[in-house]
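K.L.:
Protein sequence lines correspond, in order, to chains A and B.
Read in order, the letters of the first sequence correspond to residues 22 to 195 in the numbering used here.
Read in order, the letters of the second sequence correspond to residues 2 to 233 in the numbering used here.
Source of the hints: derived by calculation from the structure; they are not laboratory data.
Every residue gets a Cβ at the ideal spot worked out from N, C-alpha and C, and that includes glycine.
Some hints here could point you the wrong way.
If you want the ones that stay clear, here's a sample from chain B, every Cβ over 12 Å from chain A, calculated [stated by the list, open to error]:
#1 ALA14
#2 LYS16
#3 GLU30
#4 THR42
#5 ARG53
#6 GLU61
#7 GLY69
Pairwise CB distance ranges, derived in the manner of DEER restraints [to be verified]:
#8 B/ALA6 to A/ALA152: 39 to 45 Å
#9 B/ASP49 to A/GLY160: 19 to 25 Å
#10 B/ASP11 to A/SER107: 51 to 57 Å
#11 B/ILE139 to A/ILE145: 23 to 29 Å
Here is how the chains run, residue by residue.
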Amino acid sequence: MWMFLGSDCMLFGALITTYQVYKGKSASGPTPHEIFDIPFTSVSTFVLLMSSLAMVLALAEIQRGNMRGMRVWLTATAALGMVFLSGQFYEFTSFVNEGLTISTNLYGSSFYTLTGFHGTHVSIGVLWLLAIVAMSLRGKITPASALSVEIAGLYWHFVDVVWIVIFTVVYLIQ
Amino acid sequence: MEWAAQQGLDTAAFKKAGVKVYGKWYFPEVPAQVPLINLQTGERETFDTSLRAGQVLYAEEAELKKAGLGPFKTETPTAARVAAAPSPPPAAPPPVALAAPAAVVKRASVARSGYPATTPAWHHDVHEHAHPGAARYIQIALILTVLTAVEVAVFYIIPLESHYLLPPILLTLSVVKFALVAMFYMHLRFDSKLFTVCFMFGLAIAAALAIGMIPLGHDHLVPLLSQQQGAH
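This is chain A alone, in the form it adopts within the complex (with noise of 0.2 Å):
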């Protein structure tokens, strides 16, 4: 798994870089600071963030072999995940209303690829809890399979610090 994240890490990298790059480029279309809400997306940050804690309290719970704590806190966690895609949604939705779509400019292009990978790491983050739930519910789950709780939090902390990074850099380095 951390094969995998570093590697996640560069693919990330690239396409925050290339939004670097494209920003201010544009010949039309509206530009960050006309479309931000900062106070909405500061909002999705805290609940991300939030979900990660969920997330660690979840993988202690399977650690003192409390499986129903378990399934409480992964839940809470996937409940959280969905809450921060409705807000992406919402947001991306309110974009397109102001004129900015991935084909509007280059800053449309580059935002909503960096952003859209971000949000379909999170929805299979969502899905991969939820499985682990319903694993958990038909036994297939136990205290000694801690290791895969843990595997997948490493992936849903990652979508989150992939987050702080984009928060900082899109939508607060304007």
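Knowing the structure of chain A, use the given hints to seat chain B on it.
P.N.:
For chain B alone, coordinates are given in the frame of chain A:
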């Protein structure tokens, strides 16, 4: 395994003697209700519930005795002295009663080896050996929340003419947040350094790419590039 090294023990010796080593890379599940020896400190510890081991390694006291390893190596010629001392029951006592066997191990030879005279009572810090506890995770979450709030505050407070200050301040704060999540939530701090190398390698390449492409994002360099292309 500092204490084990002092006893002249290493993983090869444990493997040869058939003694199971409980640790992240060996047998990861630390058993419950079994007297264990902490191979780092030599302390005798017993856990109420089974745990997933981290970097601290444990071995069962009974297996060490059976194999005659460490401090138990000197016990075999003095079996009569051992038999005379009250021995702890095979099943581990509850945490409060851990103090009771302390008298058993108050022997000069064992004390010299570093095996403590008193058996430590149950302490919640044992979770720090395997993983940080819930309290630590919540502390980290609060710090991350505060840092995020500071980032947003900086964004709004710094006036437009001083916006050149934003990148270094915000990037520093995001690096701190990144490090906290990576070290504590992803357990890089407590895991093998190999994982850090794997992760940092990809991160270093990504960072080098971003830094190397900075000139392409600067407008004053674009005319220079187009001039060079016109000259050819």
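K.L.:
Which earlier hints turn out false for this structure, listed by number in ascending order?
P.N.:
Of the numbered hints, 3, 5 do not hold.
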